[in-house]
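Sequence order for the protein chains is A and B. Following my numbering, the numbering of the first sequence begins with 1 at its first residue and continues without gaps. Following my numbering, the numbering of the second sequence begins with 496 at its first residue and continues without gaps.
Simulated from the structure, these hints should not be mistaken for laboratory data. Among the hints, a few may not be true.
Said to hold, decoys possible - Here's a subset of chain A near chain B, in silico, CB distances under 7 Å, partners left out:
| # | residue |
| --- | --- |
| 1 | W73 |
| 2 | E145 |
| 3 | T175 |
| 4 | N308 |
Glycine included, C-beta positions come from ideal geometry on N, C-alpha and C.
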Amino acid sequence: MEHFQKLMPFSVVMIPLIVAFMLAIFARWKREFCAYIAIAAVAYGFYISYLLTLRVMAGEVIHYAVSGWIAPWGIELVIDELGAMMLLLLTGCSLVILLFSMKSLHKEIPEQATGWYYTLYLLTLSAMIGMVITNDLFNLYVMVEVTGLGACGLVVAKGEKLSTEASLRYLLLATLGSGFLLFAIGFLYQVTGNLNISYVAAELVQVREQYPFLMWATMSFITVGLGVKAALFPLHIWLPDAHSSAPSSSSAILSGLVVKVYIVSMLRIYFLVFGFEVFHESYMRYLILLLASMAILGGSLFAFVQLNLKRRLAYSTVAQIGYIFLGFSLGTSWGIVAALLHIIIHAFMKICLFLSAGAIYYQTGRKKVTHFSGLGYQMPVTMAAFTVAALSMVGIPLFGGFITKYGLAMGSLEANNPYFIILIVLSGLLNAAYYFPIVWQAYFTSSHNVKLEFDKVPVTMLIPIVIMALGILYMGIFPSGTLDFLERAVSRMIL
Amino acid sequence: MELSRLLLNYPYFISIILFCLGCLCILTQHNLVKKVIGINIMETSIFLFFIAVGNIDGGVAPIYDPALPADVIYINPLTSTLMLTGIVVSFSVTAFALAIIVKLYQFYGTIYAQDIMRMR
Chain A
1 MEHFQKLMPF SVVMIPLIVA FMLAIFARWK REFCAYIAIA AVAYGFYISY LLTLRVMAGE
61 VIHYAVSGWI APWGIELVID ELGAMMLLLL TGCSLVILLF SMKSLHKEIP EQATGWYYTL
121 YLLTLSAMIG MVITNDLFNL YVMVEVTGLG ACGLVVAKGE KLSTEASLRY LLLATLGSGF
181 LLFAIGFLYQ VTGNLNISYV AAELVQVREQ YPFLMWATMS FITVGLGVKA ALFPLHIWLP
241 DAHSSAPSSS SAILSGLVVK VYIVSMLRIY FLVFGFEVFH ESYMRYLILL LASMAILGGS
301 LFAFVQLNLK RRLAYSTVAQ IGYIFLGFSL GTSWGIVAAL LHIIIHAFMK ICLFLSAGAI
361 YYQTGRKKVT HFSGLGYQMP VTMAAFTVAA LSMVGIPLFG GFITKYGLAM GSLEANNPYF
421 IILIVLSGLL NAAYYFPIVW QAYFTSSHNV KLEFDKVPVT MLIPIVIMAL GILYMGIFPS
481 GTLDFLERAV SRMIL
Chain B
496 MELSRLLLNY PYFISIILFC LGCLCILTQH NLVKKVIGIN IMETSIFLFF IAVGNIDGGV
556 APIYDPALPA DVIYINPLTS TLMLTGIVVS FSVTAFALAI IVKLYQFYGT IYAQDIMRMR
């Protein structure tokens, strides 16, 4: 038991990874059981994450040296508050999406691929978990690369023209991005001689002054490298195609979780390697601030003109990623807390919306937002959850989105930059402009003789949607516990 | 003085040039296979950079040999080891990209990005 407790951080990465490769063989033999095994593996990960989070909440920072090689030589896993939050979010949300995918997959991807889909899913998940808890830069690069490959696999699994093309574009740009990241890691290794984030940071404080140009180059390489993968505004061109043409459970994990882990890694590198002060004074902060503002407006405007529901949701992701970047480049503690909170709330909202889109497609086969009239009576549960997520996107009080908008507004006041409040309000209005027509149509434009009926989708598809909607409401009504935890995470990073 | 420093550190200079060439290749070529070749050029330039970082002038291969004098300098093996992982990653990305290109060729009958965009 003692030994197991020590191994817990390692097992949360390794169990999904091992099960992923076992499933690849198992799928040839018994395809229909793959989903249950995958759910068991992720449920184990969720339980361990919960135990680890309890330990972190008690004030401990968990260190684990992989296979006994201690810190500067071996790979070190560190679970601090940010890592624990992401662990819980990643495992919890992907458990919910897996539950949804059990039934929905059969309608969306070729039957013989349904078993191997879970291999890709678990591979992506374990690499994401590794990315948020690793403390080693090269290990981070490997995890980034595995996540990128797994995510492309999740898109291409549909086996259609559009998704194949979108995933090739995603793969090419993601590889370009990880090339930039690896180059930046090379620069850091060259000047510090270390790969462990804590040691690099300690060395960098001493040599930073000697290489101002190299620091500048490293920072911009990291911004471009992880920015491509996190879909920072002008680099988002791969996202709408990839996220809208994927199967709906893939869209949910890609939009809700995959783009976030890159932001978390970026945050880690900026705040823990370079240090908060350096980031705060660098020009890179103003660049990200500008790009995030453009993302918020541009993403919303692009979303407004899309008629395909999933494409509209994908462009909305571009805008919401802008919120997260805006929050952390404001450089005030409220701003960063709001950014981290938005990572959670946006995951809930976008997963809820994409899963609802998947359920609507499952029952009615409709994809266009103009064809949704009367849907509020045919699928009351799904549309109720959709409405909750839409209201939260707009930022109505009592829903999760309001809390982040409030946090961002406080952050911009703290940064003496009240113009961003105008931006936030404007973007809220734009969100209303492209989400409310859908809701309005579903409830109020039906023909006369509709009667209320229950959703005709399997119950395993309804439960995930409802859980996510309840999550949004919970975050909107009782945000204080999460906010306290995130404030602790931020105070550890920015000192 | 600046030029002499550049000449002294020529491996870094070459790796940067190759990196830029690779990026240009990925972004501007219309032939999808050439884009994949661009990825390989880019990643190889990074391998060159890392190995140049680990190299020491006059160093020997990092294998302990009692026959060598005690003050011999071994080069840094870590960067070469890291690049083994890098090569594996690059290999798997290439394989995956080529597999997708084969699939696209089956769908569209062409591997030119422009034609595929037109046929959509």
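Quiz item: Against chain B, with CB atoms and a cut of 7 Å, does the hint on E145 of chain A hold up?
Solution: Hint on E145 of chain A: holds, closest Cβ of chain B at ~5 Å, below 7 Å.
Quiz item: Taking the least C-beta to C-beta distance, is N308 of chain A closer than 7 Å to chain B?
Solution: violated, 14 Å
Quiz item: Should the hint that T175 of chain A touches chain B count as held when the rule is a Cβ pair under 7 Å?
Solution: holds, 5 Å
Quiz prompt | Satisfaction of the W73 of chain A interface hint, Cβ to chain B closer than 7 Å | solution = violated, 9 Å
The earlier numbered hints that this structure contradicts are 1 and 4.
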